[in-house]
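Here the protein sequences come in this chain order: A and B.
Counting along the first sequence from 1, when you hit position 63 you're at 353 in my numbering, and nothing is skipped either side.
Counting along the second sequence from 1, when you hit position 33 you're at 654 in my numbering, and nothing is skipped either side.
Bear in mind the hints are in silico, worked out from the structure with no lab data behind them.
A few of these clues could be false.
Taking lysine-lysine pairs in the BS3-like style, the calculated list, with each CA pair at most 30 Å apart, reads [claimed, not checked]:
hint, chain 1, residue 1, chain 2, residue 2
1, A, Lys462, B, Lys822
2, A, Lys504, B, Lys939
3, B, Lys822, A, Lys460
Non-contacting residues of chain B with respect to chain A, defined by C-beta distances greater than 12 Å in every case (computed) [as the list claims (entries may be wrong)]:
hint, residue
4, Asp798
5, Ile806
6, Tyr896
These numbers come from a predicted model, not from an experiment.
For every residue, glycine included, the Cβ atom is placed at its ideal position computed from N, Cα and C.
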Amino acid sequence: MNLLEIKGLSKRFGGFRALSGIDLNVRQGAVHGIIGPNGSGKSTLFNMISGVYLPEPGSQIVFNGTDITGKPSHEIARLGVARTFQMLRIFEGMSVIENMMVGHHGLTGYSPLAAVFGVKSVRSEERRVRAEMMELLNFIGLADYAEMPAGEMSGGQRRLLALGRAMAAKPKLLMLDEPGAGLSPTNVDILLDTVRALQQRFGLTVIIIEHILKLVMDTCETVSVLEHGEKIAEGTPAEISADHRVIEAYLGREMKDEEVRDFLRSA
Amino acid sequence: MHPVLPWLGGIAVLSFLPLITRTAYDQYLLNVIAINVVLAVGLNIVKGFAGQVTVGHVAVMAIGAYASAVFSVHLGLPFWLALPAAMAVCAGVGLLVGIPALRLEGAYLALATLGLAESVRIVISGTEWLGAAMGFEGIPPPHIGGFVMETHFRYYFVVMPIAVMGIYISFAILRSDMGRAFKAIREDQLAAAASGVHVAKFKLIAFVLSALYAGCAGSLKAHMAPGYLNPNDYSLQEMVTLLLMVIFGGIGHIWGAVIGAIAVTIINDLTQDYYTYRMAIFGGVIVLTVMYMPRGIGGMIEDFWVRKRFAALRAATKARQAAP
Ligand SMILES: Nc1ncnc2c1ncn2[C@@H]1O[C@H](COP(=O)(O)OP(=O)(O)O)[C@@H](O)[C@H]1O
Ligand SMILES: [Mg+2]
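Just chain A, same shape as in the assembly (with noise of 0.2 Å):
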């Protein structure tokens, strides 16, 4: 089954095509990857499913069953699409703990009239949340930081971050922008066990946006493939390492079989 459909998504900024005509479907359960050259039209992407921008007429994405085409933002979230962004966007100016519980905003069951009055079941509705909103960032190991303005910390910690908050929401599909561009290796691995963790977890859906051509290849069972806005491949890891297309497209030129091979081995 699939949890998203997306048919002939396009996206035109002025003259310029970001996106033309792009068909995408992902599998309930799966780990979809996308990636492509700069400016391929990936972040544009996650910014047409999240509602960020509106899809120009033709285009049509359905989550979950549910037509979502050209809906807020907010409601797209509140119906469980939830995203990372590739500049990150944490609030910097409130705590750790504070940005996740934005992240259950949608979850939080209270009127703010119950809250001037302080009634009884806001204080244990608030109680609830920080609570899970804890053992969540336990589970991504920023426990300790919870009160920490979100502002001071390190870069590998917002990313942690980032993702935490997204997963506070509890959603069904989970979209990751770039989430290991600036991280070091070994901080590349700890973020990957930390989104495999989760979506076993929590049998969530994932589609990452990637750079890193390895880290797309080590996580994804199905890969599909931008560039100048088109989708120009999709398929396992295998067959996209195998596609020449693919890779000339991230190198901007022409191949022998021998650099292909090289390119491979190194990426």
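Assemble the complex: chain A is given as a structure, and chain B with the ligands must be docked to it using the hints.
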């Protein structure tokens, strides 16, 4: 323990404050401070929590003050009904002020709200039944049965508890899910929306909440002796003074806004004789604060506290990063 109990304790303690004042003028000043606390704490919700620009807050206060005056003088409502009615009017105004905020940001939003602020003052100045430029006179003080709160001493026991409750409500909101939604909007709207926060809805709520505070402050000002309103008390200069309270106190810090309101009201009073220079000084202090102490007194206190608390943790993190 119910969270409101400590605040009731605070009201009890503050009830003794007028006893150490020497003159009726001191008592008047206490009341002005309380009203400015309401105003500043309210502005802090929209500006400090939700991060929205507005320079129209004083105009909303003016609308609250004149609405309350009209309700009590022309419609004969007692203060206790005129106050909530004026606040309701201001809630509607807050909604209207908030709508441009859904499309505009930063300087453009400042210009839009500035336009509103000045036009309110000009319309009042030209409207006969609002007293026009001569001002609105004869607004009755509150009373309970035959007990009339016409002295500043008595009025203190109306404004002070309201100010304390205003601070309490502001804290209750900040610490709730809604307060976090406000702050998330201030920090990053895109990420807030991706977390399920209905950005437009909460922006409007923030404007309405702060307008409720402004309306309350306006009504309190209207019914304070001598029960007189003048449109010139709601000029741009008052807005600069109000901004100073919130910025100097520390944007986004409730206690900062309270401290700012107290400090600026007292300084404002002490420098009355230097009226012509005051605005230049206030403007200068705002610029200097924004440049060198952008998070105000509240931010400085918080930084100090955070630094102490997390010094060890941060050192450990640094050491780990430095290690290969
Ligand atoms: N908001 C925008 N306005 C104009 N152009 C944009 C916008 N967002 C993305 N683009 C353009 O669309 C193309 C695809 O961008 P993006 O999806 O971020 O690529 P990727 O994530 O694959 O590196 C780029 O050429 C980029 O400059
Ligand atoms: Mg990108």
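Tested hints:
Taken as a hint, the Lys462/A and Lys822/B pair is honoured in the structure, with Cα atoms around 25 Å apart against an allowance of 30 Å. Among the hinted pairs, Lys504/A with Lys939/B is consistent with the structure: their alpha-carbon atoms are about 28 Å apart, no more than 30 Å. Taking the CA atoms of Lys822/B and Lys460/A, the gap is near 23 Å; set against the 30 Å cutoff, the hint holds. Under the 12 Å C-beta cut-off, the non-interface status given to Asp798/B relative to chain A is violated; the minimum distance is some 4 Å.
With a closest Cβ-Cβ approach of about 10 Å to chain A, Ile806/B is found to fall inside the 12 Å limit, against its non-interface label. The claim that Tyr896/B is not at the interface with chain A holds, since no C-beta of that chain comes within 12 Å of its own (minimum 37 Å).
The structure does not agree with the numbered hints 4, 5 stated previously, though it agrees with the rest.
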